[in-house]
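For the protein sequence lines, the chains are A, B and C, in the order given. Quick note: the first sequence uses this note's numbering, first residue 1, plus one each step. Quick note: the second sequence uses this note's numbering, first residue 1, plus one each step. Quick note: the third sequence uses this note's numbering, first residue 1, plus one each step.
FYI, nobody ran anything at the bench for these hints, they're computed from the structure. Note that the structure is a prediction, hence the values are computed from the model and not measured. Yeah, the Cβ is synthetic: ideal placement off N, Cα and C, and Gly gets one too. Worth double-checking, as some hints may not be accurate.
[Stated by the list, open to error] Just the calculated beta-carbon pair ranges, DEER-fashion:
{"id": "1", "chain 1": "C", "residue 1": "E181", "chain 2": "B", "residue 2": "P94", "range": "54 to 64 Å"}
{"id": "2", "chain 1": "C", "residue 1": "Q28", "chain 2": "B", "residue 2": "E7", "range": "24 to 34 Å"}
{"id": "3", "chain 1": "A", "residue 1": "Q61", "chain 2": "C", "residue 2": "T253", "range": "15 to 25 Å"}
{"id": "4", "chain 1": "A", "residue 1": "L252", "chain 2": "C", "residue 2": "Q6", "range": "19 to 29 Å"}
{"id": "5", "chain 1": "A", "residue 1": "Q49", "chain 2": "C", "residue 2": "Q28", "range": "19 to 29 Å"}
{"id": "6", "chain 1": "A", "residue 1": "R73", "chain 2": "C", "residue 2": "Q53", "range": "39 to 49 Å"}
[Claimed, not checked] To spell it out: a stretch of chain B is covered by chain C in this simulated footprint if at least three of its residues, at any positions, have a beta carbon under 8 Å from a beta carbon of chain C; those stretches are:
{"id": "7", "stretch": "4 to 11"}
{"id": "8", "stretch": "20 to 26"}
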Amino acid sequence: MSFSRGSRKIFDDISLDIPRGKVTAIMGPSGTGKTTLLKLIGGQLKPEQGTIKMDSNNVHQLSRKDLYQLRKRMGMLFQSGALLTDINVFDNIAYPLREHTNLDESMIRSLVLMKLNAVGLRGARDLMPSELSGGMSRRVALARAIALDPVMVMYDEPFTGQDPISMGVLVNLIHRMNQHLHLSSIVVSHDVPETMSISDHIYLISGGKIVAEGSPDELKNSEDPWVQQFIAGKADGPVPFHFTAKPLMQDLLS
Amino acid sequence: MNTKFIETTVGVFVVLGFAAFFMLAMNVSNLITYESSEGYQVHARFDNIGGLKVRSPVAVGGVRIGKVAAIAYDNEAYEAVVTLEIEPKYNKFPTDTSAGILTAGLLGEQYVGLEPGAEEEYLKSGDEITVTQSAIVLEEIIGQFLYSQADEK
Amino acid sequence: MMNKIQLIGHKLIATVARLGQAAIFFYQILLTMPGVLIRPKLIIKQLYSTGVQTLVIILVAGTFVGMVLALQAYYVLVDFGAEDSISQMVVLSLMRELGPVITGLLFAGRAGSALTAEIGLMKSTEQLSGMEMMAIDPMQRVMAPRILAGFLAMPILTAIFIAVGVLGGYLVAVHGVGIYEGVYWSLAQTKVDFYTDLMNGMIKSIVFGLVIVWIAVFEGHDSVPTSEGLGQATTRTVVHGSLAVLGLDFLLTALMFGDI
Numbered sequence: 001m002s003f004s005r006g007s008r009k010i011f012d013d014i015s016l017d018i019p020r021g022k023v024t025a026i027m028g029p030s031g032t033g034k035t036t037l038l039k040l041i042g043g044q045l046k047p048e049q050g051t052i053k054m055d056s057n058n059v060h061q062l063s064r065k066d067l068y069q070l071r072k073r074m075g076m077l078f079q080s081g082a083l084l085t086d087i088n089v090f091d092n093i094a095y096p097l098r099e100h101t102n103l104d105e106s107m108i109r110s111l112v113l114m115k116l117n118a119v120g121l122r123g124a125r126d127l128m129p130s131e132l133s134g135g136m137s138r139r140v141a142l143a144r145a146i147a148l149d150p151v152m153v154m155y156d157e158p159f160t161g162q163d164p165i166s167m168g169v170l171v172n173l174i175h176r177m178n179q180h181l182h183l184s185s186i187v188v189s190h191d192v193p194e195t196m197s198i199s200d201h202i203y204l205i206s207g208g209k210i211v212a213e214g215s216p217d218e219l220k221n222s223e224d225p226w227v228q229q230f231i232a233g234k235a236d237g238p239v240p241f242h243f244t245a246k247p248l249m250q251d252l253l254s
Numbered sequence: 001m002n003t004k005f006i007e008t009t010v011g012v013f014v015v016l017g018f019a020a021f022f023m024l025a026m027n028v029s030n031l032i033t034y035e036s037s038e039g040y041q042v043h044a045r046f047d048n049i050g051g052l053k054v055r056s057p058v059a060v061g062g063v064r065i066g067k068v069a070a071i072a073y074d075n076e077a078y079e080a081v082v083t084l085e086i087e088p089k090y091n092k093f094p095t096d097t098s099a100g101i102l103t104a105g106l107l108g109e110q111y112v113g114l115e116p117g118a119e120e121e122y123l124k125s126g127d128e129i130t131v132t133q134s135a136i137v138l139e140e141i142i143g144q145f146l147y148s149q150a151d152e153k
Numbered sequence: 001m002m003n004k005i006q007l008i009g010h011k012l013i014a015t016v017a018r019l020g021q022a023a024i025f026f027y028q029i030l031l032t033m034p035g036v037l038i039r040p041k042l043i044i045k046q047l048y049s050t051g052v053q054t055l056v057i058i059l060v061a062g063t064f065v066g067m068v069l070a071l072q073a074y075y076v077l078v079d080f081g082a083e084d085s086i087s088q089m090v091v092l093s094l095m096r097e098l099g100p101v102i103t104g105l106l107f108a109g110r111a112g113s114a115l116t117a118e119i120g121l122m123k124s125t126e127q128l129s130g131m132e133m134m135a136i137d138p139m140q141r142v143m144a145p146r147i148l149a150g151f152l153a154m155p156i157l158t159a160i161f162i163a164v165g166v167l168g169g170y171l172v173a174v175h176g177v178g179i180y181e182g183v184y185w186s187l188a189q190t191k192v193d194f195y196t197d198l199m200n201g202m203i204k205s206i207v208f209g210l211v212i213v214w215i216a217v218f219e220g221h222d223s224v225p226t227s228e229g230l231g232q233a234t235t236r237t238v239v240h241g242s243l244a245v246l247g248l249d250f251l252l253t254a255l256m257f258g259d260i
């Protein structure tokens, strides 16, 4: 599909396949529109051209009601956690359960505690979101994302700005969730080592196009200099260090 | 700040609002005067009604007994026709009762003042008060005064 | 020169487009109303934030405005020997104009700006997006209750403002300047018409309340999710809300009191 914002083409005729039951990573430099891609998949944005299908449903041709039904089967973990700040952790996770199911409070309580247990934060259930650290709020947000037992979970930059321990915890959680709950996961990130350690399939996107794709090993052994620069984190290469400018001597002497 | 506190304060807030409204409606506005039930109507014709308006009071001896229900103009007789609505409990006005347009205080609003007559029959709904006194128009009085002054000279 | 004219045209079109957006926004919220009315808890919570928390400033402002009004009225009326009419002036000014307008301005400043900031913050921390992805409509859960609350809170606040103002005027007139208590209240009763004065004032406050929250919620929803953007949105709410109150006041006054 293709998607533009104003006159800028964000995605130029790209095609992606997200396999079921696996962890698919979408990586690329900052600003390539990776979050936009997740919003397109979730139906919050509409592509100009092309289709997005989830489980044989064309996302953008669904009625509002059906789209909402489809969204119940998707979980999304936002970069900032996006917890509702005026209710505590327990109520945040219970929120989708109370809204979309008719379960009584005791059942909801059991479910919430189990989800919290899965992310290791059962003891934090009475805290307010403002009292949580960044890593903790992401884990709570993850528990909320799986509250309705979705078939697919999307992670928007889950590792950004985390300390090594939190990072390790999150990496571990994403991997285990995918396996034990038989999810299909889409991880959008530019943290190379962490993402590569848990992904089954990776797409590298830059300039609105898919530059490379494959398994982590395939990409590590890729001959493409751009891929190499990205994976290894080299300072200079196909993406130059210097912003376009006159030669140094010319600038200094003029 | 839990739900109980919020719900209580909102309840108090709404009650305060209604209390304020009722206080204003009852004590500070003329709502009470609207309560009177349908009275009986009589007509009175005037040459000049001055500043009389619909809902202006109708009073006897200073006591309010009704209001002006309608004001119309008779194109044939060139007179103003005022319909007075009098409260049903004041039904003992003789048929020769007179109606005049008076002013409350010096610069106040105008009202219809009734002077009971001496007949034995009483006014009923639809009757007409025949003895009327038009409103005093300030300009005419001043004109009369100046005229009479000029005359004396 | 042409550039300046182009700029004016451009700004005009942009303003009209924005008004259109705001109208569509309001319409979308109206559509969610049935779903909101069965969730009174949300409305009550918002009534607390917009109404109850504005109560204190309304009480203080109302008292002082009523008192000052009575004082100034006395100084003018005493020259005509008409100081007994003080209550008439205080009550009519409060009911017809000062009550709805001042309450509206205070409401726009306090509750309106808080609403815009809150919603703008929810937007920038992706809470609104998050709700959408959880298949919950933020229009129904976040926006609509706030609009309803503003619609309900304003007339309540205005009634309280007027009542407190009348009492403040009473204090100054009877205990300050020496008007007879009976005269104050009886003149107020006879000269003030329930429908033309009190009800019209209430209608004004309902209209103001609706417009203020509409602007506040729209600006928050439409804000640029940066700290600077949020500040601009809040300022716009207060300025546009206040101007709307004053402009609508003129319109409504002309309509309501035009033929007296």
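Tested hints:
1. For the pair E181(C) and P94(B), the beta carbons lie near 39 Å from each other, so the given range of 54 to 64 Å is not met.
2. For the pair Q28(C) and E7(B), the beta carbons lie near 29 Å from each other, so the given range of 24 to 34 Å is met.
3. Between Q61(A) and T253(C) the Cβ separation comes to about 51 Å, which falls outside the hinted range of 15 to 25 Å.
4. The hinted range of 19 to 29 Å is not satisfied by L252(A) and Q6(C), whose Cβ atoms lie roughly 42 Å apart.
5. Between Q49(A) and Q28(C) the C-beta distance comes to about 27 Å, which sits within the given range of 19 to 29 Å.
6. At about 40 Å, the CB distance of R73(A) to Q53(C) agrees with the hint of 39 to 49 Å.
7. Figure legend: the stretch 4 to 11 of chain B, annotated as covered by chain C; annotation consistent (4 residues with Cβ-Cβ distances under 8 Å, at least 3 required).
8. Here's how the stretch 20 to 26 of chain B fares: 5 of its residues keep a CB closer than 8 Å to some CB of chain C, so the rule of at least three is met and the hint holds.
Checked against the numbered hints listed earlier, the structure breaks hints 1, 3, 4; every other hint is satisfied.
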